[in-house]
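Engineer: Sequence:
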Amino acid sequence: LAFEIQAEALAKRRSSASRVAQQLQSIGCGLVIDDFSMADGQLDLLRLPGVRMVKLDPKLTNQATADVFSQAIVAAATQIARVCGF
Numbered sequence: 036l037a038f039e040i041q042a043e044a045l046a047k048r049r050s051s052a053s054r055v056a057q058q059l060q061s062i063g064c065g066l067v068i069d070d071f072s073m074a075d076g077q078l079d080l081l082r083l084p085g086v087r088m089v090k091l092d093p094k095l096t097n098q099a100t101a102d103v104f105s106q107a108i109v110a111a112a113t114q115i116a117r118v119c120g121f
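Just so you know, the sequence shown maps onto residues 36 to 121 in the working numbering.
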């Protein structure tokens, strides 16, 4: 069982996000970060305890078929997820 929270909401409420992530992990639940885009402050969200999955922002994935920059961001996010074990 995991709870999905939007990346922007987590980034705006950093101290609350950390506390909620720790509480979820303590009861055996994970955290899914939704609409992740590597925007300001979002990269550090990957360090939150209990993160099990990262869902990329559709703006990135929709543009990845035609935009090289979006492809690079998707590739980087995929590599980060692999290294972190998501």
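No lab work stands behind these hints, which were simulated from the structure alone. A virtual CB, placed ideally from N, CA and C, is assigned to each residue, including glycine. Careful: at least some of the hints might be erroneous.
Straight-line alpha carbon distances no greater than 20 Å define the calculated EDC-like cross-link-like pairs of lysine to aspartate or glutamate that follow [said to hold, decoys possible]: (1) Lys94 - Asp70; (2) Lys47 - Asp102; (3) Lys90 - Asp70; (4) Lys94 - Asp69; (5) Lys90 - Asp79; (6) Lys90 - Glu43; (7) Lys94 - Asp75; (8) Lys47 - Asp69; (9) Lys47 - Asp70; (10) Lys90 - Asp69; (11) Lys94 - Glu43; (12) Lys47 - Asp79; (13) Lys90 - Asp75; (14) Lys47 - Asp75; (15) Lys94 - Glu39.
Here are the simulated distance ranges between beta carbons [as the list claims (entries may be wrong)]: (16) Ser61 - Ala107: 31 to 39 Å; (17) Gly63 - Asn97: 28 to 36 Å; (18) Ile115 - Gln41: 31 to 39 Å; (19) Arg82 - Leu36: 31 to 39 Å; (20) Cys119 - Arg48: 38 to 46 Å.
Engineer: Determine for every hint whether it applies to the structure shown.
Structural biologist: Hint check results:
Between Lys94 and Asp70, the direct Cα distance comes to roughly 9 Å. Compliance with the 20 Å bound is thereby established for this hinted pair. Using a Cα cut-off of 20 Å, the hinted pair Lys47 and Asp102 is violated, with the two alpha carbons roughly 28 Å apart. Only pairs whose Cα atoms come within 20 Å are accepted, and Lys90 paired with Asp70 is accepted, the gap being roughly 6 Å. At roughly 12 Å between alpha-carbon atoms, Lys94 and Asp69 fall within 20 Å of each other, so this suggested pair holds.
Between Lys90 and Asp79 the CA atoms are separated by roughly 15 Å; this keeps the pair inside 20 Å, and the hint holds. Taking the CA atoms of Lys90 and Glu43, the gap is about 12 Å. The hint holds against a cut of 20 Å. With a C-alpha separation of about 16 Å, the suggested pair Lys94 and Asp75 falls inside the 20 Å cut-off, and the hint holds. Restraint check: the Cα-Cα separation between Lys47 and Asp69 comes to about 14 Å, which is no more than 20 Å; the hinted pair holds.
For the hint pairing Lys47 with Asp70, the CA-to-CA distance comes to about 14 Å; that is within 20 Å, so the pair holds. Proximity of Lys90 to Asp69 is assessed by CA-CA distance (about 5 Å); at most 20 Å being required, the pair is judged to hold. Restraint check for Lys94 and Glu43: satisfied, since their Cα atoms lie roughly 14 Å apart, inside the 20 Å limit. With a C-alpha separation of about 12 Å, the suggested pair Lys47 and Asp79 falls inside the 20 Å cut-off, and the hint holds.
The hinted pair formed by Lys90 and Asp75 meets the criterion: a straight-line CA distance of about 17 Å does not exceed 20 Å. At roughly 10 Å between alpha-carbon atoms, Lys47 and Asp75 fall within 20 Å of each other, so this suggested pair holds. Between Lys94 and Glu39, the direct Cα distance comes to roughly 18 Å. Compliance with the 20 Å bound is thereby established for this hinted pair. As the Cβ distance of Ser61 to Ala107 is approximately 37 Å, the hint placing it in 31 to 39 Å holds.
Take Gly63 and Asn97: their Cβ atoms lie about 34 Å apart, and the range 28 to 36 Å holds. The given range of 31 to 39 Å is broken by Ile115 and Gln41, whose C-beta atoms sit roughly 18 Å from each other. Taking the beta carbon of each, Arg82 and Leu36 are about 21 Å apart, not inside 31 to 39 Å as hinted. For Cys119 and Arg48, the hinted distance range of 38 to 46 Å is not satisfied, since their beta carbons lie about 21 Å from each other.
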